[in-house]
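Kindly produce the complete structure, drawing on both the sequences and the hints.
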Amino acid sequence: MGKRTGKHHYLIGQDNRSASELDLDTCLELLLEEKMHGISFSAYTKGQKPGDELTREQIEHRMAILAPRFNWIRSFSTTQGNEHIPQVAKAMGLKTLVGAWLGEDADKNRNEVDKLIELAQAGAVDVAAVGNEVLYRGDLEETELLDFMAEVRERLPSNVPMGYVDAYYEFEDRPQVTEACDVLLTNCYPFWEGCALPYATLYMQDMYRRVQKVANGKRVIISETGWPSSGGNFYGAESSLQGAYLYFLKAMEWAAEDDVEMFYFASFDEEWKVSGEAGEGDVGAHWGLWDENEKFKYSNLL
1 MGKRTGKHHY LIGQDNRSAS ELDLDTCLEL LLEEKMHGIS FSAYTKGQKP GDELTREQIE
61 HRMAILAPRF NWIRSFSTTQ GNEHIPQVAK AMGLKTLVGA WLGEDADKNR NEVDKLIELA
121 QAGAVDVAAV GNEVLYRGDL EETELLDFMA EVRERLPSNV PMGYVDAYYE FEDRPQVTEA
181 CDVLLTNCYP FWEGCALPYA TLYMQDMYRR VQKVANGKRV IISETGWPSS GGNFYGAESS
241 LQGAYLYFLK AMEWAAEDDV EMFYFASFDE EWKVSGEAGE GDVGAHWGLW DENEKFKYSN
301 LL
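Residue numbers for the sequence shown follow the numbering used here, so the first one is 1 and each next one is one higher.
Any given hint could turn out to be false.
[Said to hold, decoys possible] Derived DSSO-like pairs (lysine-lysine); straight-line CA-CA distance at most 27 Å:
| hint | residue 1 | residue 2 |
| --- | --- | --- |
| 1 | Lys90 | Lys213 |
| 2 | Lys295 | Lys46 |
| 3 | Lys108 | Lys95 |
No lab work stands behind these hints, which were simulated from the structure alone.
The following block contains the structure:
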């Protein structure tokens with residue numbers, strides 16, 4: 001958003017829970033003067049879940065909604081139709097952060113990594129992510145992850161940076177993983193640490209800066225941050241429609257003004273997260289900017 005002549009920090013550092021819809025929409029209009037940085041792609045429609053095969057047509061349909069608003073798309077897997085996501089994004093002029101999903105299944109891990117390399121060699125990957133919160137979940141040992149990272153770095157085109165996605169504190173606690181990354185991909189969720197909304201954006205910024213401190217000058221990207229619009233509370237963090245809109249605007253405004261690369265989570269609501277692999281409860285289904293019917297939740301501007 002470098003074309004603006006001044007900084008427009010209308011929201012950051014303020015308790016805007018009583019802000020009018022007009023005030024919030026004014027901030028959204030400013031953000032939309034140029035595209036926002038990035039968004040996590042929500043592929044699964046109602047009734048679908050991870051493991052179901054995704055079609056190129058459904059990816060194209062949702063990508064067309066996002067492409068006018070964002071410069072980058074993030075995907076989480078390279079198999080079962082997820083490989084269409086970076087291919088379609090590239091066809092629509094977007095850049096891609098493409099993840100290979102790693103877990104406990106060795107055969108699936110091999111397929112994910114091989115497909116990531118294939119996509120990168122075809123020019124569909126701008127940043128490669130080897131695993132997503134695999135250490136947080138305990139699916140792999142650190143040494144196993146490091147082996148995958150070393151393999152991917154060796155096989156990737158030299159111009160494609162490689163990193164690992166996890167919570168910000170994992171990079172503080174695991175210097176070998178931090179060292180193995182070309183780029184650090186950090187998930188920052190004040191909600192999941194029970195942070196009340198008025199302090200959430202500042203806390204998220206602190207998470208980011210903590211990763212910067214251990215990055216040794218490497219590029220740091222916020223790979224996920226967001227706030228749920230419904231589904232319940234987590235200690236002092238309350239889910240609500242206006243709270244989610246406020247957090248989105250504050251986060252994106254700060255990222256734009258301070259040139260922080262940020263992928264917002266998520267694009268569309270996905271019901272499988274309630275009881276599926278994510279197991280987040282009712283709140284899991286309400287992280288999207290668009291609802292499951294592909295209607296933007298917070299404004300008539302989109």
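Status of each hint after checking the structure:
Between Lys90 and Lys213, the direct Cα distance comes to roughly 33 Å. Violation of the 27 Å bound is thereby established for this hinted pair. For a cut-off of 27 Å, the pair hint linking Lys295 to Lys46 stands: about 14 Å separates their Cα positions. Simply put, Lys108 and Lys95 have alpha-carbon atoms about 26 Å apart, close enough for the 27 Å limit, and the pair holds.
When the structure is compared with the earlier hints, a violation turns up for hint 1 alone.
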